[in-house]
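*Asks:* Those protein sequences? They're chains A and B, same order as listed. Count the first sequence with the working numbering and you get residues 1 to 360, in order. Count the second sequence with the working numbering and you get residues 361 to 918, in order.
Rather than coming from a laboratory, the hints here were simulated on the basis of the structure. Don't take every hint at face value.
[Stated by the list, open to error] Listed below are the simulated SDA-like cross-link pairs for lysine to any residue, each with C-alpha atoms no more than 25 Å apart in a straight line: (1) A/K15 x B/E650; (2) A/K54 x B/K632; (3) B/K632 x A/N328; (4) A/K325 x A/D235; (5) A/K54 x B/R547; (6) A/K77 x B/K740; (7) B/K656 x A/E53; (8) A/K94 x B/W546; (9) B/K632 x A/L129; (10) A/K94 x B/P651; (11) A/K156 x B/W546; (12) A/K77 x B/E650; (13) A/K15 x B/R449; (14) A/K94 x B/K632; (15) A/K77 x B/R449; (16) A/K54 x B/T527; (17) A/K276 x A/T295; (18) A/K94 x B/L553; (19) A/K15 x B/L897; (20) B/K740 x B/F825; (21) A/K28 x B/G541; (22) B/K632 x A/H92; (23) A/K107 x B/F825; (24) A/K54 x B/R449.
What follows is the residue order along each chain.
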Amino acid sequence: MAFIEIKGLFKTFDKVTAINRIDLEIKKGELLTLLGPSGCGKTTTLRCIAGLEKPEDGDIVIDGQSMLAEGFVPPAKRGIGMVFQNYAVWPHMKVFTNIVYGLKLQKLPKREIQESAARVLELVGLSGLENRYPSQLSGGQQQRVALARALVRNPKVLLLDEPLSNLDAKLREELRFEIKDLVRRMNITSVYVTHDQGEAMVISDRIAVMDSGNVVQIGNARDIYEKPANRFVADFIGAMNFMAGEIVEKVPDKPNAYVRTEFADKLLCRMSEHSKATVKDEIYASIRPEDVEVTADRPQADENCFKGTISNMAYLGNLLFFFVKLKNSMIRVQASHQVSFEEGQEVYLHLNPEKSMILS
Amino acid sequence: MSRGNLFLAGLLWIVIAILVIYPLSFLVIESFKISGSDNFGISNYIEFFKDAYYLKTFANTLALSAAVLITTTIFGVPLAYILARYRQRGKTILTALTLLPIVLPAFAGVFAFIIFFGKYGTLNLVLMEIGLIEKPVNFIYGFHGLVFIQSLHMLPFIVLSLSAGFTNIDPSFEEAAEVEGASGFWRFITVSLPLCAPTYLAGGVIVFLWPFTDWLTPLILGQVDFLPSVAYINIAYHFTDLHRKYMGIVAVVVSSVVCIFLFLLARRWVEKRKYTGLSKGTTSEGRIIEPGPVMKIWAYIYMIFIAVLVLLIPIVLGLSSFSRRWVFEPLPTYWTLDNYRVILTETPLLIKNSFLFSGVALAFGVIFGLPAAYIIVRTKVPGKNALDFIITLMLAFPGMAVGVSYLLAFWENIPLATHWIIMPLALFARRLPYFLRMAHSSYLQLDISLEEASEVSGAGKIRTFMSISLPLLLKGVLVGVVMFFIMAFQEISTAIFLYRGGWETMPIGIYLNWHRGMEFGIAAAMAFLMIVITFVLLLIISRVSGNVLRAAWGSDNK
Ligand SMILES: Nc1ncnc2c1ncn2[C@@H]1O[C@H](COP(=O)(O)OP(=O)(O)OP(=O)(O)O)[C@@H](O)[C@H]1O
Ligand SMILES: [Mg+2]
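The shape of chain A in the complex, shown without the other chains (with noise of 0.2 Å):
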């Protein structure tokens, strides 16, 4: 039974569409992550999510109740927490009167407010802070007295709308795992908005990749990065070479076949669970650099195995990257730093039929 449940939601704004009736659910507990570009509708899904955006078809259910198919439910009645982007932390109220804003509202008895502020400030770290005004604290400080506003309710859903967004590369490193590690111990459900795919892959229990209004794929970091379910999801995350090409035979009983490309008559594919490709399409062969494997001499594979020249390399310390010019296609490689290769050296390449997906 999913805790939050989102079915068919719809919205756009002057004729645009933003989200385009996308169905998610979101187990108790859960800190799923959207992912995706600038201008997929993570935000307006999350403020849907909030209350803050009315959708125009759809209804989302937070534990059991629904939050539009019965009447509108306002913001503040949804149990929600929401960090916000650029923090929103009011700069004319302390840190202390920030926090405790919502939990004057609810007229709770004074020895109670002054428990749970000083109990999530200590939580996030700020202990000591509660009479600064946000002008003197740093981002960083600034987003953990978002954070602890937006928990200090004890909320049943903490939305955050990319919340390292505004700050410098070490911070945001070190705040992944500080916030992942406190939705767990909090064991809260989350909904966390990033176009970081490094960001999202650290912290999430599950990624939803949108594109265009639409959620594409939805899995942990390791099905989305090694099974993506198109060229999409595929580019968005991580690298990938694409070869365009035209299935010319299905490998009967088996989850494979063979691909016609620029540089090969017969290119041995596994298919993804997510195609329904057959003979005849027009799909991209896929493989990651990394699976790519390169040698001086010809390898013992009989399948998948072709003669190229290398060009373009670049060494990254740990890493060699370089590229394998097979006919007019190019190839990207990336490989580990100890191989030996030179520019414009003959070599073969193999593509491992079970690393190369066929996507479309």
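Given the coordinates of chain A, assemble chain B with the ligands onto it according to the supplied hints.
*Replies:* Chain B with the ligands alone, transformed into the frame defined by chain A:
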């Protein structure tokens, strides 16, 4: 530090020294003179602060300022909120109307309201006709009338500064409060309003200072017990009685000191809490709301109410300019062109003077303002902050202080006051900050890399300024230019002290016609003519800048 910049800053300082510091120091010196002797002393000030009458006028002025500020705030908050947030058809034209007083001459309103709200004015006559009242109600003569007229005149300042605040608040501040459970009204009180406080104060201080500047409205309404009116009467009517003149000058100096003190206080406070929040990931449009039907109707009623009050000014003036002896009647009955016939003989000269003086003042403004903005924004010349400070301070000086000090200073040693150039010079000095701020903000928006790209391409500093900065700036500055012109066009507080026969401007002509013997018709015709001219000017720039609102009130909204 480049030599060119230093030289330029030096030139600007010389101009400031001659046109601001020198004359204003004269004013201060004069206030210490003791009549009947060659001595100096503080006896004038002692008398001022011991005399029950002066103290009363001082207190009256403070009370009036407070009342005007409170009134404009109460009426301005909803208006600013509607302007900034509501999506409402016809909003632009209605707000344009409600903000109109900023470009109308202050005295135009007084005349119109006397005719409409006066003892036997239209409203009283109509109310008596239909039997709602038996005796005329005193709508306008008295403290309340002053508050009403001055508030209507200053309302745009509050509305514009508040709505700029409402527009610029990052929407997520309010959304965060919404998520935390605050209702709409509570959110407004605890988040939106406090965040607007700095911009509100910037407008509020200008409003508060207006009763310290406006001597004419109280005078016309026969309420002279206010500092600027008393000062004016002492100086203008009793130029031969040296003691009264000195006391008048003391009143001017005291007003100036109060104004500057309050101005600086507000400025410090604003500097201290400028909430320049981060604003990423949000639409720049701010938070535009579709109001509910009931709210929408209320908003319309409210805007129309204020718009009608404002529109009374041109309508009443127009009617009375085409009529004779409009008294004891709700509407004029005797239509005539006589008023226009009379002013036709006088006015060509006045129109010419008005355009000439305002135009020359504007030329000074541009020649001085652009380099000044450049020095302040783009360079690190030592003392540039002081330059900025002194120019901005002119915002706080009552117009009368400028007028009187010019009269005193440019008489003997530098006898400029015998040449008409004194008129545009004074207008220029008085309105300088308006232009500077406009140029300033355009300069801030002009990305420095555009200029650097030109310099890298081999263009010199001057070449870069002429071919890159100036064209880009002009677009933004244009609105400032026209506003400056309109402000100079309607200026009277300064000019009234400096004009001599043949130098009368239109506002002075209007004042004189009223003063000569209550010739409302002629004064109204002139005022109406001024409004028409101002309107045409506004229309022209709204054509150029494409937006009536922006055209009329500068671009600080966006
Ligand atoms: N208030 C609005 N008015 C009009 N269009 C909007 C508004 N908010 C979002 N959109 C549009 O909806 C689409 C989705 O926007 P959204 O903000 O959800 O994207 P996002 O995935 O959060 O992008 P980013 O990573 O840049 O924050 C975009 O095309 C955007 O232009
Ligand atoms: Mg976003």
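*Asks:* Are the hints correct? Go through all of them and say.
*Replies:* Taking the hints in turn, this is what the structure says about them:
no., hint, in the structure
1, A/K15 x B/E650, "17 Å, holds"
2, A/K54 x B/K632, "38 Å, violated"
3, B/K632 x A/N328, "64 Å, violated"
4, A/K325 x A/D235, "21 Å, holds"
5, A/K54 x B/R547, "20 Å, holds"
6, A/K77 x B/K740, "54 Å, violated"
7, B/K656 x A/E53, "21 Å, holds"
8, A/K94 x B/W546, "18 Å, holds"
9, B/K632 x A/L129, "20 Å, holds"
10, A/K94 x B/P651, "32 Å, violated"
11, A/K156 x B/W546, "24 Å, holds"
12, A/K77 x B/E650, "22 Å, holds"
13, A/K15 x B/R449, "20 Å, holds"
14, A/K94 x B/K632, "15 Å, holds"
15, A/K77 x B/R449, "33 Å, violated"
16, A/K54 x B/T527, "22 Å, holds"
17, A/K276 x A/T295, "34 Å, violated"
18, A/K94 x B/L553, "17 Å, holds"
19, A/K15 x B/L897, "39 Å, violated"
20, B/K740 x B/F825, "17 Å, holds"
21, A/K28 x B/G541, "23 Å, holds"
22, B/K632 x A/H92, "11 Å, holds"
23, A/K107 x B/F825, "61 Å, violated"
24, A/K54 x B/R449, "23 Å, holds"
When each numbered hint is compared with the structure, violations occur for hints 2, 3, 6, 10, 15, 17, 19, 23.
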